[in-house]
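Turn these sequences into a full structure, and let the hints steer you where they fit.
Here the sequence shown is numbered in this note's numbering, starting from 1 and rising by one per residue.
Treat the hints as calculated values from the structure; they're not laboratory data.
For clarity, every value in this text was computed on a predicted model and none was experimentally measured.
Certain hints may be false.
Unchecked claim - Listed below are the simulated DSS-like cross-link pairs for lysine-lysine, each with C-alpha atoms no more than 30 Å apart in a straight line:
1) 517 / 479
2) 216 / 256
3) 517 / 216
4) 516 / 479
Said to hold, decoys possible - Ranges of calculated distance between the beta carbons of each label pair, as one might list FRET restraints:
5) 201 / 511: 46 to 56 Å
6) 301 / 227: 20 to 30 Å
7) 301 / 139: 50 to 60 Å
8) 368 / 236: 48 to 58 Å
9) 401 / 212: 28 to 38 Å
10) 311 / 236: 51 to 61 Å
Each residue gets a CB set at the ideal place from its N, CA and C atoms; glycine is no exception.
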Amino acid sequence: MSHLLWKTLVVSPVVLGVTVLVSARAIATEVVSSSENAKAKAFQTEAPEAIGASLSMQTQQPNADKFLVAQAKTDDNKVLEQINRYSSEGKNQNSLSQVTSVSQFSDVQPTDWAFQALQSLVERYGCIAGYPNSTYRGNRALTRYEFAAGLNACLDRVNELIATATADLVTKQDLATLQRLQEEFSAELATLRGRVDALEARTAELEANQFSTTTKLVGEAIFAVTDIFGGNTGDANNTVFQDRVRLDLQSSFTGKDVLHTRLAAGNALAFNQFDSANNQLNTAEGTQTFQVGGNSGNSVSIDWLAYYVPIGPAQVYIAATGGIHSDYVATNNPYFQDYDGGNGALSTFASQSPIYRIGGGAGAAFTLPFGKGGNIFKPSSLTVGYLASNANNPGVNQGLFEGNYAALGQLNFSIGDSIAIAATYVHGYHGAGSAGLFDAGVGLNIGDRVVGTNQANTLINAASSNSYGIEAAFRPSDKLSVSGFISYHDVTGFGAGDDFEAWSYGLGIALPDFGKKGNVLGIFAGAEPYSRNRGGQFAGTGNDVPYHFEGFYKYRVSDNISITPGVIWLTSPGQNSGNDDAIIGTLRTTFTF
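Here is the structure:
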């Protein structure tokens with residue numbers, strides 16, 4: 001900084017205060033920028049977790065590689081980023097606010113060297129601002145551009161005082177000093193004005209040609225190379241390269257509601273498994289999240305259409321198609337649960353309790369918070385939902401109320417900031433010819449299951465089910481999360497000998513930011529849904545517990561790309577220890593945009 005600037009800093013309290021002022025503005029700019037970059041995408045949006053009142057445990061976007069990423073951006077992207085920051089000014093919770101007394105700053109004391117200058121700026125010119133938490137944060141270095149921006153702000157304030165006939169507050173000495181500074185920083189001021197004009201012009205152009213004022217696009221593309229090993233199962237399957245793409249149009253009409261219109265396409269198939277006699281097993285063990293509903297031959301369809309809206313204290317969810325229970329209820333399985341996306345666990349079993357896979361389709365749900373007034377369970381909530389698998393079909397034993405359905409009730413409890421517990425009940429009706437108990441709303445389409453063994457899924461005739469579950473999550477620190485579940489399912493068939501019981505349980509440990517910010521190391525173990533001692537056609541088919549072990553490591557390459565290698569080990573497939581264990585290896589790459 002020039003000799004002139006140094007002299008004026010010593011002589012004039014106005015200029016001295018501007019220096020301190022700009023340093024705080026520089027901090028605010030950094031806060032706004034980092035806040036924008038750290039936003040996690042919803043549901044990828046935030047709606048289901050917010051409705052569920054579960055622990056807020058989602059990982060933040062990493063910032064370590066910002067500099068390298070920024071270097072690779074095109075000029076247009078740089079301009080768009082500047083526009084984004086420019087439009088965000090003043091909206092962040094840490095933005096600057098006008099003060100009327102220097103005593104409002106908790107970090108400024110009368111003994112500070114800049115106290116007199118700050119007091120002058122506050123009382124004489126009103127040319128000062130601070131943070132909402134009553135701090136000024138003046139101990140910061142600043143660039144010439146930052147100083148020029150602050151100088152310009154004070155010049156505008158001085159001009160305003162002169163125009164309002166309060167010129168007696170502005171001394172000739174201060175005016176002379178400001179004039180010299182204006183000349184000294186004329187180049188920087190001109191550059192700043194040019195940048196602002198360019199940004200405003202580009203913003204106007206974007207607003208005039210934008211896709212929609214209410215809708216944004218969130219996308220995800222998954223590439224997965226995967227193979228299965230072990231005995232007959234390994235010999236009968238080949239290495240596959242599968243994909244799935246989702247484009248989610250998120251519309252908001254009030255700023256608090258969200259309408260999801262999701263387009264999806266994919267070609268993913270689950271592996272076939274075989275017993276010791278080389279007979280194919282009818283099982284959903286080892287199914288991976290991107291394989292659920294992924295076999296569309298890459299034909300595009302609307303696989304989810306749902307609306308979230310607050311009504312009074314309640315959060316309401318309405319699904320027209322493709323709804324599942326985990327869309328609206330807390331599953332308490334952070335880092336493993338990604339709403340069947342490409343950034344959580346590999347398998348459907350490890351991502352959430354199988355109780356949430358009973359039924360799905362179209363329907364509605366609401367979550368009502370309770371536990372105010374210092375209750376240790378605050379914030380807690382009650383969630384009630386109803387989904388029908390064939391709600392669009394007007395045929396006999398079909399429709400919204402006469403066909404397959406699943407009604408859910410769940411109590412959600414939070415203890416402090418570290419523990420979340422949920423107690424879940426699901427009552428379901430399953431018509432003759434249903435896909436299975438755990439069908440995620442497929443309905444009357446035999447063979448489509450998403451988790452569990454054949455013995456735990458098969459419904460010989462029409463049946464009703466009552467399922468009970470406990471889900472819990474514990475986060476002792478930001479670097480460790482422990483979660484688990486247990487579920488019991490009582491099925492009453494409408495034919496002779498159709499009754500059976502099924503069990504499932506699991507425990508997971510997640511290490512967020514393991515090795516690098518944004519990475520996740522996850523280990524999960526448990527028993528996929530199984531049913532022992534079933535008679536009839538299941539006699540002698542297997543009575544062992546099918547254990548599931550899974551490990552994955554999500555490595556975040558950038559804010560938009562992650563690579564996840566992982567292994568799934570299945571013991572006693574088909575509930576028969578005589579069958580060879582199956583090992584599934586996957587390398588999943590996920591692009592989010």
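Review point. Quick check: which numbered hints come out false for this structure?
Key: Violated: none.
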